[in-house]
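Engineer: First to last, the sequence lines map onto chains A and B.
Residue numbers 1 to 223, in the working numbering, belong to the letters of the first sequence in order.
Residue numbers 1 to 223, in the working numbering, belong to the letters of the second sequence in order.
None of these hints come from the bench; they were simulated from the model.
Just so it is clear, the structure is predicted and the values come from calculations on it, not from any experiment.
It does not matter which identical chain is used: a pair holds within one copy or between any two.
Only pairs whose alpha carbons sit at most 35 Å apart, straight line, appear in this in silico DSBU-like list of lysine-lysine:
| # | residue 1 | residue 2 |
| --- | --- | --- |
| 1 | K222 | K23 |
| 2 | K9 | K149 |
| 3 | K193 | K116 |
| 4 | K121 | K222 |
| 5 | K116 | K96 |
| 6 | K116 | K149 |
Number of protein chains: 2
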Amino acid sequence: MLETTRKRKVYQAILMEINRIMKEDNLRPGDRLPSERELSERLQVGRSSVREALRALELLGLITTRHGGGTYVQHYRHNKLIDILGYYILRDYKTKRDLIEMRKLLELDAVRLACKRATDKHFEEMERILEASEEKIRQGIVPTEEDYKFHRIIARSSRNSLLHRIWAPIVEYSKTIREDSLSREGRPEQAVKEHRGIMEAIKRGDVAESEKRMAQHLENSKL
Amino acid sequence: MLETTRKRKVYQAILMEINRIMKEDNLRPGDRLPSERELSERLQVGRSSVREALRALELLGLITTRHGGGTYVQHYRHNKLIDILGYYILRDYKTKRDLIEMRKLLELDAVRLACKRATDKHFEEMERILEASEEKIRQGIVPTEEDYKFHRIIARSSRNSLLHRIWAPIVEYSKTIREDSLSREGRPEQAVKEHRGIMEAIKRGDVAESEKRMAQHLENSKL
DNA sequence: GGATGTGAAGTGGTCTGACCACTTCCACGG
DNA sequence: CCGTGGAAGTGGTCAGACCACTTCACATCC
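Based on the sequences and whatever the hints tell you, model everything.
Structural biologist: Structure, rendered in structure tokens:
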């Protein structure tokens, strides 16, 4: 039986046990965990308690469960902690100013890092996105999605996954509180030009210039 | 019955429902949630499913449950994401690098804003903290707490509470993955000097200088 | 009146057994 | 040889039971 001596609840003890099992059996991401019924029996606890522990791990994205198929270890990078944190931090957030400003800070941080770390693959992707934007504009479609993707690839080229993961929910949320400036006449064309300018500056590794251009671009993007 | 049309699992739907209930009833931190049995009945689901949802929220520290006493909303600042983050992804090398870097970015962002927004109250607080640090050093105590407080007051003087909210858990967590450099001989004295230099630069509103000093300080703080 | 004790009701904690839905896999029949 | 159907295994959910603990009103005592 699990150490119920400590006032820890059973499901918390099970969390530890599962962690131990994962270590002892050297389970790697993608491997399958013992079934709920087996865990229940091995640990001498009810299946419901096992499930409570597993649900917690699932919520965190540390495991995945497939109905009828089993429970599997997931790679750490898939964990949803940041997203959840973001969700709850931003949830009751009211001050638009702080949010917009935070976005700007992150975008600028990203662009600075990108100057030093962006690879050819990133530049190719940027190019593709810009071309897709231009194509959509020719067709009279507002390239909202491409605009987002361009900023995202910059966040990615910072090659700091934490920065990218903090950036994502903030941008997501700030989209909801402010109108899309791309709907303004002539703005999409201008935005693409600015994007291209930013990309070129990053390519040259010119931190000051790319920073300046990004700041200007964000400024212009306000409705 | 909950929308089982979406392939979402019941406990995930319940998470949403609980969120809705918290909003509709305008539940504030400290308030009590409906009991498990009541939720079970109101939502027409099994109590075990309700529990799975509640356990997930509890793991995140968003609610607390008191055996026999009920379930209560907790302030988000009590969330345990940091601990879990540390517990499960502590060994991921790449994540560590990103985390340290992210901290640096946020501290620099904070110091830049502080140059423009710090008030006399903030400076008085910094002064108090620095004096407390010096006092502890005189007593032969390592001023770990004061070090943290100094950085926090800078984050606060950015006057962007979102920045502060993101900053806090990042710093909290990075403390756990790197040794405290303050234990190094002579380091506390040096750190206080650097803090003072940063403060002075902020007072002058000298963005470049305070940024530079903060960067240097963080660099020196590595063990 | 106020402090104290007590018991019923309410609540979370856990286990069991049942049934359903889905996946996996192998033996059987083509 | 291939597919195919079905049994076995697994997660998803529910209902009911019992225990441990808290709360609170009410009775009791000083």
